[in-house]
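Residue numbers (the numbering used here), protein chains in the order written: chain A, 140 to 400; chain B, 4 to 266; chain C, 8 to 275.
Keep in mind that the hints are not guaranteed to be accurate.
Stated by the list, open to error - Label-pair distances were calculated between CB atoms; the ranges are:
(1) Ser178(A) - Pro94(B): 27 to 37 Å
(2) Thr389(A) - Val258(C): 54 to 64 Å
(3) Arg191(B) - Ser169(C): 45 to 55 Å
(4) Trp49(C) - Trp208(A): 43 to 53 Å
(5) Ser178(A) - Arg172(C): 25 to 35 Å
(6) His231(C) - Asn361(A): 21 to 31 Å
(7) Glu116(B) - Leu233(A): 38 to 48 Å
(8) Ala391(A) - Ala238(B): 46 to 56 Å
(9) Ser169(C) - Thr389(A): 40 to 50 Å
(10) Arg172(C) - Ser63(B): 43 to 53 Å
Claimed, not checked - Chain B side only, calculated, beta carbon under 7 Å to chain A, not exhaustive:
(11) Ser63
(12) Gly67
(13) Leu85
(14) Leu91
(15) Ile120
None of these hints come from the bench; they were simulated from the model. Idealized CB from N, CA, C, for every residue including glycine.
So you can see what is in the structure, the chains are spelled out below.
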Amino acid sequence: MGAIHNLYRNRHQLINGTLGLLFVMAFWHWADRTVANESFFVGPWKVLQTTISLFATGTIYPHLRTSGWEFLMGYGIAAMIGISLGMAFGMSKLVREFLDPWLGGLYATPTVALAPLIIIWFGIELTPKIIIVLLTAVIDIIINTYTGVINVGQEFRMLGMAFCVPKRQIWFKILLPGSLPYIVTGLRLATSRAIVGVVVAEYFGSSEGLGWLLFKALDTYNMPLMISCATLLAGTGIVLNQGILAVEKTMAPWRDTKLQE
Amino acid sequence: MQTRIVVEEVGKTYVKPTGEVVQALSGVGMTLESGTFYSFVGPSGCGKTTLLHMLHGLLSPTEGQIFFNGEKVTGPTTNKALVFQQALLLPWRNVVDNIKFGLENDRTKSEPERQTICERYIQIVGLRGFEGHYPHELSGGMQQRVNLARALAVNPEILLMDEPFGSLDAQTRQLMQEELQRMVDWKRSGKIVIFVTHDIEEAVFLADKVFVFSFRPGRIMKEIDIPFPTPRSLAIKEDPTFLKIKHEIWNLLAGEARKAMAE
Amino acid sequence: MRGRPLTFLAWVQSAYGHNRMLIHGIGSLAFGLVLWEAVDRWFSDKYFFTGPDEVIKELLQLVRDGEIWIHLRYSALEGVYGYALAAAAGIACGAMLAFSRTLDEMFSPVLIGLYATPRPVVAPLFIVWLGLGVASKVAVIFIASFFPVAINTTAGIKNVESEFRMLGRAFNVSPWAMFVKIIVPGALPFLIAGLRLGYSRAIVTIMVAEMFGSEAGLGYMIVHATQVFDIPKMMVGISMLTLWGILGNEVLKLIERRATPYKQTLGI
Ligand SMILES: Nc1ncnc2c1ncn2[C@@H]1O[C@H](COP(=O)(O)OP(=O)(O)OP(=O)(O)O)[C@@H](O)[C@H]1O
Ligand SMILES: [Mg+2]
C-alpha cells in the first residue's frame, strides 16, 4: 500500500516537475517570439543551436579548459582550507574568539570586490585567479562546517568521553561525521560562488575562459553567445550541485533525507 | 578482585551562564561494594543523573570526593560504563557499529573478537535482524536497548545505568528485568551495578540495596537493604515483604513529590 | 533554592566570560589593522599596496569633492530596490509554493536548479535589455537574492507543517491560529536565514553587475580605479561595500536574535 502510494506520489512529482519546466520553456519561447529580435533576445532553440555549434567547431574547449582549471584549483583548495578552518573554529574557543570578528566581516564582505587588487598583486596568470575563486568559495565552507561542529552537540562529545575515546579519535568518530551534512551544504553553496569568482577573475585579466567569452559576447552584442555562455555556467552549477548530492547519498546512507534542500 | 567505591560528603552546585546557581546534590555519602546491585530512586530533578555522572568521572563534584579502590576519581576510565538516560546513538552508525563504539577503545581485543561480542549482545537485547539498521529506523525502545548493549559489551567492573528501561513497554520491561540479572551476574563477576529508576517496584526487584533520595538538593533519605536472595523471579513481586518495602519507599517519596510539585 | 546569592567568584567568572570575548574581538581587530599597516610599511610602494591611513585620506578627499556620494547613492538605490523586491517576492512565492502542493511540485525543481547557478552572470543580458542605468542592476540583484529567500521560506513552512500538523490537530487549533502560533514562528528562523543569505548575495551582485557596465556606483568606481591603478580609491570602494555588508549583516543578526531568541546563534 505504502509502495503504491509512493509510486503515485513520485509519478505526480515527475509529471508536475516536467510541466513546470515545460511552462518555463514555453514562456521563454513566447517571449522570444514576441520580441522577435535576435540581437536583443533569443529563444531556447537558438541557444541550443549556438551551444552545439560551440562544441562542434571546438571553439569552446580552450575556454572550458581554462575556466575548469581555475575552478578546480580554487574550489579544491577552498574545500580543504574551509573544512579545516571550520573545524578549528568549532573546536577551539581561542581560535573562535580571536578570529570571529574577521569571519563575520568576511562573511559580509563581497570578496569578489577584492578581485582587482589581487590581480594587481599577483599578475594575470593562473595564481591570482585561483586566489579569487578560493576567496569567494571558502567562506560558505568555513561557516557551514563551523555550524556543523557546533551542532554536533555537547552530549555526543560527552558520549565520547564516557567511553574513553582518545581525543584525536573524537575528531574522526564524532565531529567529522556529525558535521558532514553541514559540510556538504557548504560545499554546495560554494560551487555557484566559485563560478562567479571564475567569471569575475577572468574579467580583470584574461584572454580565455567562459567568463572572458561572456564579456566578449557583451562587447560585440552577440546575444546568442551571451545566453549560451550564461546557460553553460548555470548548467555547470546545477550539475555540480546534483553531483555533490549524489555523492552524499551514497556516502551517508544514515541520513533521513526527507527534509533535504 | 574486591572493588569498592567510597563517596564522601559529595555535593554538586551548577552555575548557569546567567549566573543563576542550582544546588543539585548535597552531603551525599555512601560506600559501594563489589558484587552488589544498587538502585537509586528519587524525585525528578534531585540529581540522580548528576551523581551517576560524577561516579563515572564525567563531572567532578563541587564538594566532597569520590574514591575508587582508594584512588580519587578524576575522569572516565574503561572499567566503567554508562547507559545514558537519552539513548545518544550516533546517527551515522548502524546498530552493530553503535554497540561496538565502546569496545573499539579496548586495545586488548581483536576486531573479530569485538564482532563476536557485539553479536552476542545483539542477541541478548533481542535486536537480531536489525544489525544494519540506523538509529532513525529504530523505535525508541529499540534505541534504548542498543544503548544498554553498548555499555554491557564493554564488560565493565562498574555498570552505571540511568533509567535504562525508561522507554520500554511494560512487558519487555519485566522480561528485561529478569534478563538483566542473568546478563550482568554481578554476584559472580564481582561487578558494582548502579541503577537509576523512577519505578519503585523495579528498584526493589533488582537491588541488593536501594538508596532513596530527597528532593533538591538531593540527599540520601534512606538506605534500604533488600533481603531476597538473587537471582530473583518475577513472582517475588507478590511477596508481602516485597510489598511492605515498596510501600515504605512510596510513602517516603510521596512527600517529596508534593514538595517538588509545589515549587 | 534559587534565592542563593551569586558568589563573588561566580560574578567575576561570568563578567570575565563576557568581557573575554570583547577583549579578544577588539584585540583581533587591532591586530589586523596593525598587520595591514605593517605590510604596507614593508612594501612601501604606493602603487602596489595601501595602508589604512592612505585609504582614510583618500576617503576624505572623495567626500570633500563630493564624488563618493554619487557612487554611494547609485549603488544604494540599486541595492535597496533589488533587495526589497527580492525579499517581498521571495517570501510571497515561497509561501505560495509551501501551501500548494501542485505549485511546489511544478516549480520547486526549477527554483532549486536555478538556486544552484551562479546567478550574477546574467548581468550582461540585463544590461543589453535595460540599459546601463539603475534598472538593469535592480533586476540582477533581484535575481541574485530572490532564490535564497524563496527557497528558505518554502523549506521553513513545510518543515513546521510536517512536524507540528499533528500537534495542531490534537489540540483543535483553528487554521488561523495554526498560522499565527505555529507556522509563522516556526518558519521564521529559516526565513531570516534566507534573508541573510539573500543580503550577502545582493552585496556581491552590486559589485559584479556594475562591473559589466554602469554609469556610476561603488563597483563602477572600483573597476575604473583599477584601470588607472588608483589603489587608494579602489580600497575606498572595497571598504565601503564591506562596510555595507557588515552593517546589513549586523542589523539582520539583531532582528534574528529578537525574533528567535530560543535559537542558538553563532557569532557570524
Ligand atoms: N548543566 C546543568 N546546568 C545547570 N543545572 C543543571 C545542569 N544539569 C542538571 N542541572 C540541574 O540539576 C538538577 C539535577 O539534575 P539531574 O539531571 O541530575 O536530575 P535527575 O535526578 O536525573 O532527574 P530525572 O529523574 O528527571 O532524570 C536539576 O534541577 C537540573 O535542573
Ligand atoms: Mg536523570
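We went through each hint and held it up to the structure:
1. With their beta carbons about 56 Å apart, Ser178(A) and Pro94(B) fall outside the hinted range of 27 to 37 Å.
2. About 41 Å separates the C-beta atoms of Thr389(A) and Val258(C), a value inconsistent with the hinted range of 54 to 64 Å.
3. For Arg191(B) and Ser169(C), the Cβ-Cβ distance of about 51 Å falls inside the hinted range of 45 to 55 Å, so the restraint holds.
4. Taking 43 to 53 Å as the suggested C-beta distance range, the pair Trp49(C) and Trp208(A) does not conform, at roughly 32 Å.
5. Distance hint check: the CB atoms of Ser178(A) and Arg172(C) are about 53 Å apart, inconsistent with the given range 25 to 35 Å.
6. About 25 Å separates the C-beta atoms of His231(C) and Asn361(A), a value consistent with the hinted range of 21 to 31 Å.
7. In this structure the hint that Glu116(B) and Leu233(A) lie 38 to 48 Å apart at CB holds, the actual value being about 41 Å.
8. Checking the proposed 46 to 56 Å range against Ala391(A) and Ala238(B) shows it holds: the Cβ atoms sit about 49 Å from each other.
9. Ser169(C) and Thr389(A) have their C-beta atoms about 26 Å apart, which leaves the hinted 40 to 50 Å range violated.
10. Checked against the hint of 43 to 53 Å, the C-beta distance between Arg172(C) and Ser63(B) comes to roughly 45 Å, which is consistent with it.
11. Interface restraint check for Ser63(B): the shortest CB-CB distance to chain A comes to about 12 Å, outside 7 Å, so the restraint is violated.
12. Because the closest C-beta pair between Gly67(B) and chain A is about 21 Å apart, greater than 7 Å, the hint is violated.
13. The restraint placing Leu85(B) at the interface with chain A holds, with a minimum CB-CB distance near 5 Å, inside the 7 Å limit.
14. Taken as an interface hint, Leu91(B) checks out: its beta carbon lies about 5 Å from the nearest beta carbon of chain A, inside 7 Å.
15. The interface hint given for Ile120(B) is broken, as the beta carbon of that residue sits about 14 Å from the closest beta carbon of chain A, more than 7 Å.
In this structure, the hints that do not hold are numbers 1, 2, 4, 5, 9, 11, 12, 15, in rising order.
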